[in-house]
Amino acid sequence: MSVFRTRLWATLKQTLDTIIDDKLDGLEAELVYPKWMEKKTMSDAYEDDLEVAGPAMAAEKLEGQEMAEGEIVQGVMFKYIALTYALKLTISSEAMEDNKYKETIALAKMNKRAMLKTMDVEATLRLMRAFSATYAYSGTNQPLCSASQPLPHGGTFSNLSGAPAAASMLAVSAARTAVRKYPGHDGSIQGYNLKRVLSPVDQETAWQVLLGSSFNPVTNNFAEINVVNQKMDLEYVPIKHWTNSTTNYIYQTDAPNGLQFRTRKKPTASTWVENGQGMAAHGITARWATGSSEPRSVYGVAA
Amino acid sequence: MDNAARYGIRLHSLIGGGSMPKNFPNSAKFASAYQPAVNGGGNCTIGIGDPITGLASGMCALADGVEGAGGGLAVKGIITECLPQWSATEGTMVMRNPIQGGIVYGTNLSRQTQALYVRADVGVWEMDVVNASTSFDTIAEYQAADGANADHRLVYDSATLRANPKLDLATVATTAAQWRIQDISRSSLNMDVTGANFKVLVTCFEFQSAAI
Numbered sequence: 654m655s656v657f658r659t660r661l662w663a664t665l666k667q668t669l670d671t672i673i674d675d676k677l678d679g680l681e682a683e684l685v686y687p688k689w690m691e692k693k694t695m696s697d698a699y700e701d702d703l704e705v706a707g708p709a710m711a712a713e714k715l716e717g718q719e720m721a722e723g724e725i726v727q728g729v730m731f732k733y734i735a736l737t738y739a740l741k742l743t744i745s746s747e748a749m750e751d752n753k754y755k756e757t758i759a760l761a762k763m764n765k766r767a768m769l770k771t772m773d774v775e776a777t778l779r780l781m782r783a784f785s786a787t788y789a790y791s792g793t794n795q796p797l798c799s800a801s802q803p804l805p806h807g808g809t810f811s812n813l814s815g816a817p818a819a820a821s822m823l824a825v826s827a828a829r830t831a832v833r834k835y836p837g838h839d840g841s842i843q844g845y846n847l848k849r850v851l852s853p854v855d856q857e858t859a860w861q862v863l864l865g866s867s868f869n870p871v872t873n874n875f876a877e878i879n880v881v882n883q884k885m886d887l888e889y890v891p892i893k894h895w896t897n898s899t900t901n902y903i904y905q906t907d908a909p910n911g912l913q914f915r916t917r918k919k920p921t922a923s924t925w926v927e928n929g930q931g932m933a934a935h936g937i938t939a940r941w942a943t944g945s946s947e948p949r950s951v952y953g954v955a956a
Numbered sequence: 015m016d017n018a019a020r021y022g023i024r025l026h027s028l029i030g031g032g033s034m035p036k037n038f039p040n041s042a043k044f045a046s047a048y049q050p051a052v053n054g055g056g057n058c059t060i061g062i063g064d065p066i067t068g069l070a071s072g073m074c075a076l077a078d079g080v081e082g083a084g085g086g087l088a089v090k091g092i093i094t095e096c097l098p099q100w101s102a103t104e105g106t107m108v109m110r111n112p113i114q115g116g117i118v119y120g121t122n123l124s125r126q127t128q129a130l131y132v133r134a135d136v137g138v139w140e141m142d143v144v145n146a147s148t149s150f151d152t153i154a155e156y157q158a159a160d161g162a163n164a165d166h167r168l169v170y171d172s173a174t175l176r177a178n179p180k181l182d183l184a185t186v187a188t189t190a191a192q193w194r195i196q197d198i199s200r201s202s203l204n205m206d207v208t209g210a211n212f213k214v215l216v217t218c219f220e221f222q223s224a225a226i
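Taken in sequence, the protein lines are chains U and H. Residues 654 to 956 (my numbering) make up the first sequence, in order. Residues 15 to 226 (my numbering) make up the second sequence, in order.
Hints were generated in silico from the structure; no laboratory data involved.
DSS-like mimics (lysine-lysine), calculated; alpha carbons at most 30 Å apart, straight line:
(1) U:Lys-666 with H:Lys-36
(2) U:Lys-666 with H:Lys-43
(3) U:Lys-753 with H:Lys-43
(4) U:Lys-741 with H:Lys-36
(5) H:Lys-36 with U:Lys-762
(6) U:Lys-714 with U:Lys-834
Build the full structure now, drawing on both the sequences and the hints.
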């Protein structure tokens with residue numbers, strides 16, 4: 654709804670001491686998604702990533718026998734289609750002329766704040782929907798974390814914990830074991846390393862304790878080391894917009910081409926006026942696509 | 015988790031195109047001493063985002079939703095701006111939103127209570143929903159309601175004394191009702207389909223087009 658004068662009726666005379674509002678400057682530094690998503694640019698309306706798998710193993714050849722024939726196959730096509738996000742604020746010329754506190758009608762800054770926040774929220778949807786078949790990827794027909802991720806040569810592998818458990822040394826160890834045995838695209842064990850943990854902020858303290866404690870005292874061994882702290886180099890990113898669960902979390906691995914944010918158009922402002930009505934508008938638009946081209950880049954725990 | 019609330023019936027876009035809301039040239043007038051009220055709730059104010067209906071007297075009133083004694087009323091428009099209103103306490107006209115109820119201006123038209131509005135039939139509107147059932151907790155269930163009708167409900171807010179209109183999903187049907195559901199709002203404020211304050215886009219089905 655447009656900003657007419659009585660929407661901000663208390664700003665029409667200079668009587669106020671403090672304007673209380675959300676922060677409008679320096680918001681880029683507060684974004685969470687750049688800490689766990691790879692930032693890329695898009696040059697076209699859509700972009701495709703293609704999975705290709707080689708033969709994996711050689712075969713023993715007996716004397717005089719012909720070499721075994723290998724295979725290269727095409728796997729999943731991951732598509733990134735840029736979506737447009739936009740917002741406008743409209744204001745009457747009277748509201749602009751009469752307002753005594755210009756920070757209350759900082760439309761351009763408020764628009765930018767809304768767009769940046771939208772980018773963070775939309776990026777986080779990739780985590781919130783990571784376990785939902787309703788939001789399966791079109792290429793794999795599986796959500797980001799699934800027990801049935803397809804392999805190009807046939808068969809499937811799981812990037813979803815079969816025994817989900819809350820943050821603990823045992824839980825992380827189990828995840829590390831699973832990721833160490835991830836198959837490559839060729840279908841045989843490739844193995845990756847855990848790199849980062851992403852969770853709703855509800856788990857922040859639990860992860861900080863687990864990642865920050867040097868020791869894990871147990872009966873008869875008060876000096877047992879905390880393997881997570883001493884032998885793994887795990888980052889932790891609490892995700893404030895991850896609101897559909899308090900217990901789920903996702904590990905990121907060192908497999909490339911994982912979760913990414915592809916910008917087609919950076920947030921771009923525009924202004925225009927309708928002189929017939931005496932109205933002005935501040936608009937902002939941006940285009941981007943989010944996704945992942947690599948199920949091996951994550952290990953999900955729906956605890 | 016609940017979705018962030020947004021008050022009232024908000025203009026999403028104009029059906030006929032254009033980027034600015036078109037306030038109807040004729041302002042909405044309210045009778046002297048008019049006191050808006052929510053049936054089953056209490057007296058309230060009326061302001062930006064509230065629906066109005068026209069009366070035979072030429073005056074306007076808050077448009078009841080399904081909670082009204084006579085059910086949902088045909089909607090004339092949605093208030094976008096409140097004009098200065100008489101304040102007997104201050105002895106002058108004052109600017110405020112929302113407009114207070116029970117203001118007596120008698121026959122002095124320079125003290126008359128008025129508001130500006132956008133006609134309900136020209137816009138695609140966004141509304142938060144009242145969702146008291148499990149019939150609407152998936153995207154598919156919302157999509158199945160596209161093209162159906164529903165009434166709004168004034169969910170009286172005793173703290174702010176606002177009418178607080180929301181779309182009542184318990185009234186979704188193919189029979190006549192105040193609003194036609196068009197789609198789920200694509201606002202990123204719509205984070206959780208199972209939470210409160212989920213937002214939908216509607217057009218006006220029971221627009222007050224008949225002479226009164």
